[in-house]
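Colleague: Listed in order, the protein sequences are those of chains A and B. Letter by letter, the first sequence follows residues 1 to 706 in our numbering. Letter by letter, the second sequence follows residues 707 to 916 in our numbering.
I should point out that these hints are in silico values taken from the structure, not numbers from a laboratory. Using N, Cα and C, we set each Cβ at its ideal position, and we do this for glycine too. Among the clues, some could well be false.
These stretches of chain B come out as covered by chain A in the derived footprint (C-beta under 8 Å, 3 or more residues) [to be verified]:
{"hint": "1", "segment": "879-892"}
{"hint": "2", "segment": "900-912"}
Residues from chain A that keep clear of chain B, each with C-beta distances beyond 12 Å, as calculated [said to hold, decoys possible]:
{"hint": "3", "residue": "R49"}
{"hint": "4", "residue": "P101"}
{"hint": "5", "residue": "L115"}
{"hint": "6", "residue": "P120"}
{"hint": "7", "residue": "I145"}
{"hint": "8", "residue": "G149"}
{"hint": "9", "residue": "V157"}
{"hint": "10", "residue": "A246"}
{"hint": "11", "residue": "A257"}
{"hint": "12", "residue": "G263"}
{"hint": "13", "residue": "L303"}
{"hint": "14", "residue": "E332"}
{"hint": "15", "residue": "G455"}
{"hint": "16", "residue": "K489"}
{"hint": "17", "residue": "R542"}
Quick look at which bits of chain B chain A covers, simulated, 3 or more residues with Cβ under 8 Å [said to hold, decoys possible]:
{"hint": "18", "segment": "780-793"}
{"hint": "19", "segment": "866-876"}
Here is how the chains run, residue by residue.
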Amino acid sequence: MFRPMLLTAAILALAAPAWAGESAPVRSERATMTLAAEMASVAPGQPFRIGLRQRLAPGWHTYWTNPGDAGTPPELALTLPEGATAGEIQWPAPHRIPFGPLVNYGYEGNTLLPLTVTPPAGLQPGQSFTIQAQGNWLICEQVCIPEEGSFTLTLPVEATARPDPAMAPLFQQAEAELPRPTPWQATAGFQGQQGALLLSGEDISPQSVKEAFFFPAEWGVLDHAGAQPLQVEAGALRIGLPRGAAELPAQLAGVVAITDGAGVRSAYTVSATPGPVPALPGAAGTSGLPLGQALLWAALGGLILNLMPCVFPILAMKALAIARLSGAARAEVRGHAASYTAGVVLSFLLLGGVLLALRLAGQSAGWGFQFTSPVFVALTGWVMLAVGLNLSGVFHFGGPVGAGGGLAGRGGHLGSFATGGLAVLVATPCTAPFMAAAIGAAMALPPAGTLAVFGAMGLGMAAPYALLALFPGLANRLPRPGLWMERLKQGLAFPMYGAALWLLWVLAQLTGPEGLAAALAGGLAIGFGAWALGSAQGARGRGRLLGRGGAAIALLLAAALLPRLHDAPAPTAAASAEAGSEPWSEAGVAAARAAGRPVFVNLTAAWCITCKVNERVALSTDAVRGAFAQRNVAYFTGDWTRGGEEIATLLRAHGREGVPLYLVYPAGGGAPQVLPQILTESIVLRALEAPATTAGTSPAGQATPG
Amino acid sequence: MPFTLRRRALLATAGALPFLPRPSWAVAPSIGAPAPAFSLPDQDGKTHALADFRGRTVVLEWTNHDCPFVRKHYSSGNMQRFQREAAERGIVWLSIASSPPGEQGHVTPEQARALTSEREAAPAAVLLDPRSQAARAYGATTTPHMYVIDAEGVLRYMGGIDSVPSNKVEDIARAAPLARDAMLAVAEGRPVAQAVTRNYGCAIKYAPAA
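Could you build the full structure based on these sequences and the hints that come with them?
Modeller: Set out below in structure tokens:
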């Protein structure tokens, strides 16, 4: 008998409008939502705040006005008494919520979305003011559930409004989380798919800004999941911005959330008209190097490139050519040196031009990009094989070596030119010291400057041989031709075979066994073609024709294998997963840093010899492994073997155009330290020991080439 | 000898071919550029590649049958009507399920067939992409996410199915049918008024990167 009474009482209690500052809650397993009011009573005509109070279960989130890659923000439709007005929801600064490769912008845990309501002036004390609201919100964790509910809030009208002691603190806290207008000067700009936001002001410093993120107000303008690399110096901060698919609006508006040295988060509304890409005013900008310095460094880098292991086979061929030159006429020597120099410089210019064109087209090509293509790698390998077979004597270019007039004529010059071009193509996986900064600066210069820097690099690389053009007499210092030359030539075939072998190894990383098989088959065809050509050169008449025909068929067979290579699937297990390291991702690094661990990022590629040597010599040693374990370092390896936009963005943010790049993020937070391109154990160990306060040093533009 | 040197020059020139941009470098596919290739099995086990449909307009619909936003369009019959209109015009409609096993939206071939028949849907095929490869290639972020590709294989539209990003059926009537407008424009050879629009829906559950 009591039961129905109790039930009715319960229903009545639930249905009763709330007379305090909060409506009856709308509850689900995932969220408790209420409509809260700042005031316990309202005064006529005096505005006060109400808000949608969200208490979300762990793991669940709702969305901001720009929800990011997926989702929709909550909506609240108010029904107010006659004469009352209400403003728009004021959104607190959101958080980044990653979900696989996507990123959403929204709220987790407890949040309040406030808005202002103005009751009519004609209300009399003693009356009541009722607000009804219909809300719907999307709440997501792994899956999304749309929820909805209605809220009723009834407040008494009094002569003066009384704050609600329970709710007022919530509103004060919400107010603190609302973005304030920015006190600093803001400039923003984009070029192609990349851009940046620059904030300048007195109180910005590496100590006061540890993290910063820009949340665009409009959907699609930026790539929501993209990295926003941060650079801070005294008086300015620069956030790199990746473009999205939507058109750029006339004004780039949004919210910048900054976490300071004490871990306190504050947010500012920012609005800027997009223009040219802004750079940090200080020396640590990504486009730091002035043109003159960039040119000098490019030349030095090119010179040192001659010593890099990639170029050695070509060096061998060139040494042979020089040896052949001893005893030749001065004009001859000049001519060959000039052809080689021209080949190298023009190839560098071509590479620079292609990089520029790709950048303009919006692709993220970096230095060494051609090695991400299996077809290129296979073709270069075959060329190396063909040249090796030539040196071994299987067939001949331009007449047998040692015969007196073997180098006469244009044929020899074209050969030197082609050698120069080949040297450049194969040199690209190695980035010499000085080169990386020079290339980084080159890509930030106008097109003429970019090409000038690349040209300077070519001159540097060709310098030793360009000297011959100036001082042809040097060639006479070399020993006279003889049998030793033949032996040397045959011996030098082996570095070429070695280079072909290395390229096959790179190919194996890119395409796995199927691609490798296709490349090997192509190599076989090339070998057959070389033999056929060699036979043709020794024969007459019919034999000659047969031989040449056989060589042509072999070439066609090899070319027919190219589409196989292009379509060959990449090996499923990620290529260069260094033992003990995780694959790099923005989210992974952020998580490790949030956990207070120091982070070591190694950006590498299978075709980058400098990277591989560094890993062997400096990163895989026991001492370094021990230091990683002891300091609980999170070690991430980013594999750029097949290219990729995220890693390219990170490279560019540090002024680099290619791998390797080594970043050490200190445990306490702050900007990462960039290590030199040639690593030693002691460099790594010293970097791990360095204290956390060297924020703001991104030495892309500094004078330490390493 | 001129022949041998020409061959060497030819090899060197051939080496320049791989410099052409590959889609894997791109941030996301772009309008006016060739649409990314894919090759996926359908609900009957037959494999389809984008190149198979050269000569016909293609519509890609990323789907997750449990997502409230997808259910909005299927429960109201809106999606099915859209699919039938495409079929009548000879446009190839491919529904793509990119969720990995264990995640919402994943379907086996049997489930895909059952869903198509019980919802009376009319796609040309339902493609199964449990490793999220096509989703990654297209930069697809939500279900639904719509793409329209013309007869030459060029991407002409990417974005939302319509202009009101809610999960309420009532909003379909008042929304501008952006994807349908784009599909008709491409099929009739007209320019697409809004080629990139905001797509809305549940986040696509991506398989971990291989």
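Colleague: With reference to the structure, classify each hint as holding or not holding.
Modeller: A quick look at each hint next to the structure:
1. 879-892: Violated, because only 0 residues of the segment 879-892 of chain B bring their Cβ atoms closer than 8 Å to Cβ atoms of chain A.
2. 900-912: holds (count 9)
3. R49: Given that every Cβ of chain B is farther than 12 Å from that of R49(A), nearest at about 26 Å, it holds.
4. P101: violated, 5 Å
5. L115: holds, 20 Å
6. P120: holds, 31 Å
7. I145: Its Cβ does come within 12 Å of chain B, the nearest being 7 Å, so this is violated.
8. G149: holds, 15 Å
9. V157: Holds, since 35 Å exceeds 12 Å.
10. A246: violated, 6 Å
11. A257: holds, 21 Å
12. G263: holds, 29 Å
13. L303: holds, 24 Å
14. E332: Holds, since 18 Å exceeds 12 Å.
15. G455: Non-interface label stands for G455(A): nearest chain B Cβ at 19 Å, farther than 12 Å.
16. K489: holds, 17 Å
17. R542: At roughly 17 Å from the nearest Cβ of chain B, R542(A) sits farther out than 12 Å, so the non-interface label holds.
18. 780-793: Coverage by chain A is violated here, the residue count being 0 at a Cβ distance below 8 Å.
19. 866-876: Contact hint for the segment 866-876 of chain B vs chain A: holds, 4 residues under 8 Å.
Violated hints, in rising order: 1, 4, 7, 10, 18; the structure is consistent with all others.
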